[in-house]
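Keeping their order, the protein sequence lines are chains A and B. Here this note's numbering is used: the first residue of the first sequence is 11, the next is one more, and so on. Here this note's numbering is used: the first residue of the second sequence is 11, the next is one more, and so on.
In short, the hints are calculated from the structure, not lab data. Take the hints with a grain of salt, since some may be wrong.
In this list, chains with the same sequence are indistinguishable; a pair is considered to hold if it fits within one copy or across any two.
20 Å max Cα-Cα, derived EDC-like pairs, lysine to aspartate or glutamate [what the hints assert, rightly or not]:
(1) K213 x D101
(2) K196 x D183
(3) K268 x E81
(4) K174 x E97
(5) K268 x E162
(6) K239 x D167
(7) K103 x E141
(8) K122 x D263
(9) K239 x D297
(10) K268 x E303
(11) K87 x D61
(12) K227 x D61
(13) K122 x D76
Residue strings, one per chain:
There are 2 protein chains.
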Amino acid sequence: MSLLVTGSIAIDTVRTPYGVSENCLGGSAVYFSMAASFFSPVRLTGVVGSDCPFDFAEVFADRNVDLTGLEVRPHSKTFRWAGTYPEHMDDRKTDYMELNVLAEAPPRVPAKYKDSKFVFLANTAPGLQNELLGQIEEPVFVAADTMNCWIEDHLDDLNALLKKIDCLIINEDEARMLADEYNLIKAAQKILATGSSVVIIKKGESGSIMCNADGDKFILPAYPATEVKDPTGAGDSFAGALMGYLAQSGKTDFKTLKTAIAYGTVVASFAIADFSLNGLTSINKIDIDKRLETLRNATRF
Amino acid sequence: MSLLVTGSIAIDTVRTPYGVSENCLGGSAVYFSMAASFFSPVRLTGVVGSDCPFDFAEVFADRNVDLTGLEVRPHSKTFRWAGTYPEHMDDRKTDYMELNVLAEAPPRVPAKYKDSKFVFLANTAPGLQNELLGQIEEPVFVAADTMNCWIEDHLDDLNALLKKIDCLIINEDEARMLADEYNLIKAAQKILATGSSVVIIKKGESGSIMCNADGDKFILPAYPATEVKDPTGAGDSFAGALMGYLAQSGKTDFKTLKTAIAYGTVVASFAIADFSLNGLTSINKIDIDKRLETLRNATRF
Chain A
11 MSLLVTGSIA
21 IDTVRTPYGV
31 SENCLGGSAV
41 YFSMAASFFS
51 PVRLTGVVGS
61 DCPFDFAEVF
71 ADRNVDLTGL
81 EVRPHSKTFR
91 WAGTYPEHMD
101 DRKTDYMELN
111 VLAEAPPRVP
121 AKYKDSKFVF
131 LANTAPGLQN
141 ELLGQIEEPV
151 FVAADTMNCW
161 IEDHLDDLNA
171 LLKKIDCLII
181 NEDEARMLAD
191 EYNLIKAAQK
201 ILATGSSVVI
211 IKKGESGSIM
221 CNADGDKFIL
231 PAYPATEVKD
241 PTGAGDSFAG
251 ALMGYLAQSG
261 KTDFKTLKTA
271 IAYGTVVASF
281 AIADFSLNGL
291 TSINKIDIDK
301 RLETLRNATR
311 F
Chain B
11 MSLLVTGSIA
21 IDTVRTPYGV
31 SENCLGGSAV
41 YFSMAASFFS
51 PVRLTGVVGS
61 DCPFDFAEVF
71 ADRNVDLTGL
81 EVRPHSKTFR
91 WAGTYPEHMD
101 DRKTDYMELN
111 VLAEAPPRVP
121 AKYKDSKFVF
131 LANTAPGLQN
141 ELLGQIEEPV
151 FVAADTMNCW
161 IEDHLDDLNA
171 LLKKIDCLII
181 NEDEARMLAD
191 EYNLIKAAQK
201 ILATGSSVVI
211 IKKGESGSIM
221 CNADGDKFIL
231 PAYPATEVKD
241 PTGAGDSFAG
251 ALMGYLAQSG
261 KTDFKTLKTA
271 IAYGTVVASF
281 AIADFSLNGL
291 TSINKIDIDK
301 RLETLRNATR
311 F
């Protein structure tokens with residue numbers, strides 16, 4: 011089934027203990043699309059300025075990513091982000107952020123995307139996520155990401171969004187903040203009581219937890235990666251593979267969601283193995299399936 | 011097969027956000043024995059002073075724990091530990107520690123224990139662990155715990171021990187310190203290169219990782235516990251159930267070790283649900299098996 015992503019397109023500068031990647035391609039919609047494209051066609055909605063140096067037709071060549079929703083604003087500048095990861099990459103510092111085109115009016119969802127069935131609303135202001143979602147006619151499964159600043163300052167908009175979406179995908183600190191509860195299982199239960207029917211909590215190198223409104227739980231460790239060069243985009247790659255697999259299978263039952271999380275976990279492990287999108291562009295579906303079986307075997311008892 | 015534990019017996023005072031448990035029974039050998047006794051007979055080696063208020067025959071009534079190796083020193087005082095857990099119980103502060111009898115000569119391993127096949131050397135000075143192990147004639151599988159102070163100050167003794175044991179069970183900070191490597195998979199590989207054939211790294215609420223010298227890996231999340239009242243003894247309960255299951259099955263292949271870790275995980279989740287040993291004494295094997303199946307289902311995809 012059709013899969014739509016709305017999110018950022020960025021010019022990133024990333025510093026890690028393994029080197030520096032200057033003015034490289036990044037952004038949630040880009041990582042998501044690249045990861046999802048292993049499983050399903052993707053419809054991308056995002057906006058850049060005239061300074062954007064990337065040829066997206068080339069970036070997504072042979073990947074079945076529809077770029078109709080990619081808007082280039084001639085008088086605007088592209089979103090830029092620069093960050094530095096410390097020695098163990100368990101945290102990151104934003105060196106600078108220029109919102110640029112992201113501070114302007116959001117892109118419109120193209121008419122041909124309005125029948126999208128699977129929708130991922132990458133992190134942005136929840137009011138904007140609401141507005142973007144309102145342009146989709148009859149979505150089957152909507153997932154959204156958010157972050158601490160929206161939980162702190164736009165909680166009403168976020169709560170309104172939670173009532174409209176099926177799945178919230180957030181990290182553990184955000185889950186604790188949103189639920190005002192430290193225990194992650196209890197936090198998930200509190201979030202489920204206010205809105206979406208599925209909550210997925212990302213724990214970085216400790217994997218992820220999924221809970222649904224029926225009381226089902228799924229807990230998966232991260233792939234036992236030994237190569238970590240650049241964690242940027244890990245979360246969006248996770249969401250991309252997850253939603254790509256759901257769109258491919260056309261199902262959203264808990265069993266399918268479990269496999270989708272496993273694919274998300276594996277694809278994220280490839281994403282972090284190299285700078286920018288290189289970890290994703292250097293692999294194929296066979297590599298992903300092989301690693302999925304390794305993860306299955308390493309977690310089964 | 012026979013299972014021997016050498017470790018501490020303590021009078022604990024524990025403060026958590028859920029209350030205070032004063033002068034309660036604790037110690038590694040005690041938690042270990044209680045957890046292991048669900049699976050296998052246990053031989054306990056430990057020492058207390060004349061001030062010890064606990065009736066161990068009653069504590070372990072109907073549990074098949076051999077107390078021949080429990081030495082009571084009439085002129086000594088029992089080891090005492092007091093600690094406080096902060097709001098989220100993700101850390102703990104030692105309020106006071108009186109080594110007392112633990113600073114004296116170690117207990118002898120009774121003659122009738124010397125044919126023990128499965129041996130757990132709970133955390134103590136590695137020189138002492140070496141000495142205790144030397145009293146066992148032909149062990150089949152020896153596991154040991156250690157901690158940061160021995161890694162810092164008794165590394166030669168610890169390295170000598172690692173060459174004699176089969177399995178090291180430590181927490182993630184200790185693994186990183188011992189291996190001088192942050193990535194836990196790489197840390198396990200470095201430790202395996204210096205000694206034991208199996209390394210199990212405990213990650214608290216994020217579960218555990220097992221690696222062996224053949225390159226096999228097992229990663230298991232913690233049980234999704236919502237009740238955590240007192241984390242004291244979680245690690246020794248984990249080790250107890252793990253070793254108890256191995257001794258019961260008489261096997262140490264990787265598949266058996268995986269199930270053993272799953273049992274360790276589940277029994278630890280019961281141990282932390284109440285103060286002192288109450289989390290373990292209030293359950294039976296059926297409760298454990300039920301939770302094991304819940305964990306299996308919550309991690310399978």
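Against the structure, the hints:
1. For the homomeric pair K213 and D101, the shortest alpha-carbon distances inside one copy (12 Å) and between copies (18 Å) are both at most 20 Å.
2. For the identical chains of this complex, K196 and D183 are intra-copy neighbours only, at 14 Å inside a copy versus 27 Å across copies, given an alpha-carbon limit of 20 Å.
3. In this homomeric assembly, K268 and E81 never come within 20 Å of each other (Cα to Cα): the closest approach is 34 Å inside a single copy and 51 Å across copies.
4. In this assembly of identical chains, the alpha carbons of K174 and E97 never lie at most 20 Å apart, being 40 Å within a copy and 34 Å across copies at closest.
5. With identical chains, the CA atoms of K268 and E162 are never at most 20 Å apart, being 30 Å at best within one copy and 42 Å at best between copies.
6. In this assembly of identical chains, K239 and D167 lie within 20 Å of each other by CA distance neither inside one copy nor across copies; the values are 36 Å within and 36 Å between.
7. In this assembly of identical chains, the alpha carbons of K103 and E141 never lie at most 20 Å apart, being 30 Å within a copy and 49 Å across copies at closest.
8. In this homomeric assembly, K122 and D263 never come within 20 Å of each other (Cα to Cα): the closest approach is 27 Å inside a single copy and 57 Å across copies.
9. Within a single copy, K239 and D297 get their C-alpha atoms as close as 19 Å, which meets the 20 Å cut-off; across copies the closest is 43 Å, which misses it.
10. Taking the closest pair of Cα atoms, K268 and E303 come within 20 Å of each other both inside a single copy (14 Å) and across two copies (17 Å).
11. In the homo-oligomer, the alpha carbons of K87 and D61 lie at most 20 Å apart inside one protomer (6 Å), although the nearest pairing across protomers, at 76 Å, exceeds that limit.
12. For the identical chains of this complex, K227 and D61 are neighbours neither inside a copy (45 Å) nor across copies (47 Å), given an alpha-carbon limit of 20 Å.
13. Within a single copy, K122 and D76 get their C-alpha atoms as close as 10 Å, which meets the 20 Å cut-off; across copies the closest is 75 Å, which misses it.
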